[in-house]
Structure formats: C-alpha cells, structure tokens
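Start from the sequences, fold in the hints, and give me the full structure.
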Amino acid sequence: MKFTILQSEFAKALNISGKSLLTKTNLPILSNILIKAEDSKLEVVSTDLETATRAIVKTKVGAEGEITVAGRTLSEFISQLPEGEVVFEKLGGEVVVSTKGYNARLATMPPEEFPAIPKIEKGITIEFEAPDFVRGVIRVAFSAAQDEGRPVLTGVLGEINKNKLAMVATDGYRLGFAEINLGKTTGVPSLKMIIPAKAVSEVAKILADMGMIDGAGQAEKSRDKIKMVVGEALNQVNFRIGDLAKEGVEVEFTSRLIEGEFPNWQKIIPSVFNTKVIIDRQDFIRLVRIASIFARDSGNIVRLKLEGDKNGKKGVFTVNAASSQVGSSDASCEVGLTGKGGEIAFNFRYLLEILSVVEDELITFEMNESLNPGRITGQDAKDNFFHIIMPVRLQS
1 MKFTILQSEF
11 AKALNISGKS
21 LLTKTNLPIL
31 SNILIKAEDS
41 KLEVVSTDLE
51 TATRAIVKTK
61 VGAEGEITVA
71 GRTLSEFISQ
81 LPEGEVVFEK
91 LGGEVVVSTK
101 GYNARLATMP
111 PEEFPAIPKI
121 EKGITIEFEA
131 PDFVRGVIRV
141 AFSAAQDEGR
151 PVLTGVLGEI
161 NKNKLAMVAT
171 DGYRLGFAEI
181 NLGKTTGVPS
191 LKMIIPAKAV
201 SEVAKILADM
211 GMIDGAGQAE
221 KSRDKIKMVV
231 GEALNQVNFR
241 IGDLAKEGVE
251 VEFTSRLIEG
261 EFPNWQKIIP
271 SVFNTKVIID
281 RQDFIRLVRI
291 ASIFARDSGN
301 IVRLKLEGDK
311 NGKKGVFTVN
321 AASSQVGSSD
331 ASCEVGLTGK
341 GGEIAFNFRY
351 LLEILSVVED
361 ELITFEMNES
371 LNPGRITGQD
381 AKDNFFHIIM
391 PVRLQS
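Quick note: the sequence shown uses the numbering used here, first residue 1, plus one each step.
There are no misleading hints in this set.
Straight line, CA to CA, 35 Å or less: simulated DSBU-like cross-link-like pairs of lysine-lysine:
{"hint": "1", "residue 1": "K58", "residue 2": "K198"}
{"hint": "2", "residue 1": "K100", "residue 2": "K2"}
{"hint": "3", "residue 1": "K36", "residue 2": "K58"}
Computed Cβ-Cβ distance ranges for the label pairs, DEER-style:
{"hint": "4", "residue 1": "T25", "residue 2": "L91", "range": "26 to 36 Å"}
{"hint": "5", "residue 1": "P270", "residue 2": "R296", "range": "24 to 34 Å"}
{"hint": "6", "residue 1": "N372", "residue 2": "S298", "range": "21 to 31 Å"}
{"hint": "7", "residue 1": "S8", "residue 2": "N264", "range": "41 to 51 Å"}
{"hint": "8", "residue 1": "S98", "residue 2": "Q146", "range": "41 to 51 Å"}
These are computed hints drawn from the structure, not numbers from a lab. Using N, Cα and C, we set each Cβ at its ideal position, and we do this for glycine too.
Written out as structure tokens, the structure is:
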C-alpha cells in the first residue's frame, strides 16, 4: 500500500474523519482510523460504534490497500508538517509517513478488526441547504438533555412534513424549535426520528471544517446542500456532504437513531400569551448579566418584571436578583409592551443560552402568569424558530 497526497488535503481528511474517533476506550481498534487507497481516492474512516465518519479525498495511489493506524497520532503529526507532498507507505507491520526532512513510523492493526460501517440500503432521502441546517442546529441542540436518564431527551426530534424539517429539543426546563425548508423535495412521506444532539452538532462542525459555513451558520457557498438519508427501518441516518469531483472532498456521517417516544412537545406551548414585550437583544442580555452577578448564590434565579404604561404601548422591563449573602440589584430599560404585564422568574443561564443563539436585533418575549412557560423568539418573520422556557416559582 502506497499513496502520495498533499499535506493540506491529508490534514483536512484526518481532521474531518476524526469526529467519530475515540481516544479513551477499552477497544484499541476504536482509537485507530481505517485508511483505504484505491482508484485515485483516499478514504479515511473512524467510528465510536454509535457514529461513523468517512472522508474521501483525491490522491495519487502507487499501490492499493488498506490499514488502520492510531488516528490521533497520525492527525497531529500531519497537521504539523509543512505544505507539500506526503508519502504514506505500508512496510511490513508498520507504515512510514514521510516528506522532505520529516519521517514517522506508526504501528498498525489489521483492517479486518475495524468495525464494519453499516450502509443504508433502502431509505428516504431529503436535501436542504447547509446554512439553514446549521442555524437550526445552533438554535436547538443546546436544549437537549445532558443526562442519559431519559435517552430520548438527549436527542433532537426531526419531523418531516410538507417539505419542511422541524427540529425540536428539550431537557424539560427549556425547549428549542426551528424549521427549515426542504426546497423542491417531492414525494417525501411524513416521518419522525430522534437524532442524538451530539451527532447533529458534529455535522455542523464538519460543514464549518469544509468551509461551507462560518461559525454562526452563515453560508460561505450559499448553494451548498446536504443530503440526509433516513434508513427505512428508522434506526440510522446518514448525512452526505460535498462532491469529490467538484470540491475535491466528500464526507459521509452516519449515526444511530435514538429509540423511544419523544414527548408531546406541542402540549406545553401556550396557545395565547397575555403579555408581549419587544426588547433590544443587547439590552436584554445586559440586564440579565447584571442580575446574574447577584443570583449566583441564590440558585441562579432572576426575576423579570413587566410594567406597562396607561396607553398600553410602552413599558418598563426590569430584571432583579437578590442574595442574602451578596446583596441585590435592579436593572431596567424601556420596551414596547402590550398586555397586562406581570412578574416571572427564570434560571439566568437558560436565558443567556437562548439569547446567545438569536441573531435578530429585536427580541419578542411573551408570558402569561408566573408559573406558565415563557416564549422567546426573534423579530425576523423569515425565520421560523422559538424557545420555550419554564419558570421558577416566585418566593414572596
């Protein structure tokens, strides 16, 4: 086995394929990556048994073959090399990686020991633009639970209906919803699936690594699309990104789906709200951050007080926090307010996390009574997303 490849292309393939690599495991083969060279292509594959990442790039193949080597070691070595051609050659039970002035020998393990990556033989294929998907992931995935006690809550619910993909995540304290268009996709049946939140986040990172989007989910190449293939048995999903012929790199990311029934999330969303506030996003963040200084010793709880004027069009938005050990603070600003007003309390960390993923300059905050959920969304009518946040009981 022997191939020659540009350092930059090899580093990119190793970085992307490493998304599913395990560095601490009782199975040594899972710390290795599978490298396969044939037909002027190089495939680099990693898996943690829950997900698998395959990166394909062009290369000059001198002798076809496949082998597994320590993924982290090879990736770190290649990333430090200068630009230029790198030669990768299997010699006996090791591989030699070399370029002018640099040389490394790595131990190998037989490719037969590498876990087989399941392929979706039959499935449902949908297509959407990369930046739309990433914005949805950024706005929703952080609301998924970290605790494995209820596995379904560690995932993002994907609902396909009428050429739209809705993404929902909740940990029981907050809920994120985002909807993206599937464009001209036709004949796709309605279906539901639960994708691990970590998996969709990794797909977003791959898109950033490939230069398709920036860190905020904005398009670098606005027409770039992702194909998502859902297995007919609804037990796995495959994301296909890039085009080897056009872009020189192609990626497949496969993940198991989470089994179980996702909660009836529509049930917790109030049909109407009796108070609505329109507030500058930066003002909202500033008020909460100031209050958070005094809330750390009192369960991270901040109070929001909404008071309207006599005309019912403007009001005052106040965020308060108090601690018997530290003291208290009140911070307020003028806002557009309609409705009766009121008071409600939240965990400030949840508020700040939500506000950090809303791009709009103006925020809409809606509420009912102090024990009912609040809703936060942006003012851009083109973006169909919102967040629901559960309140904390107010203490007198």
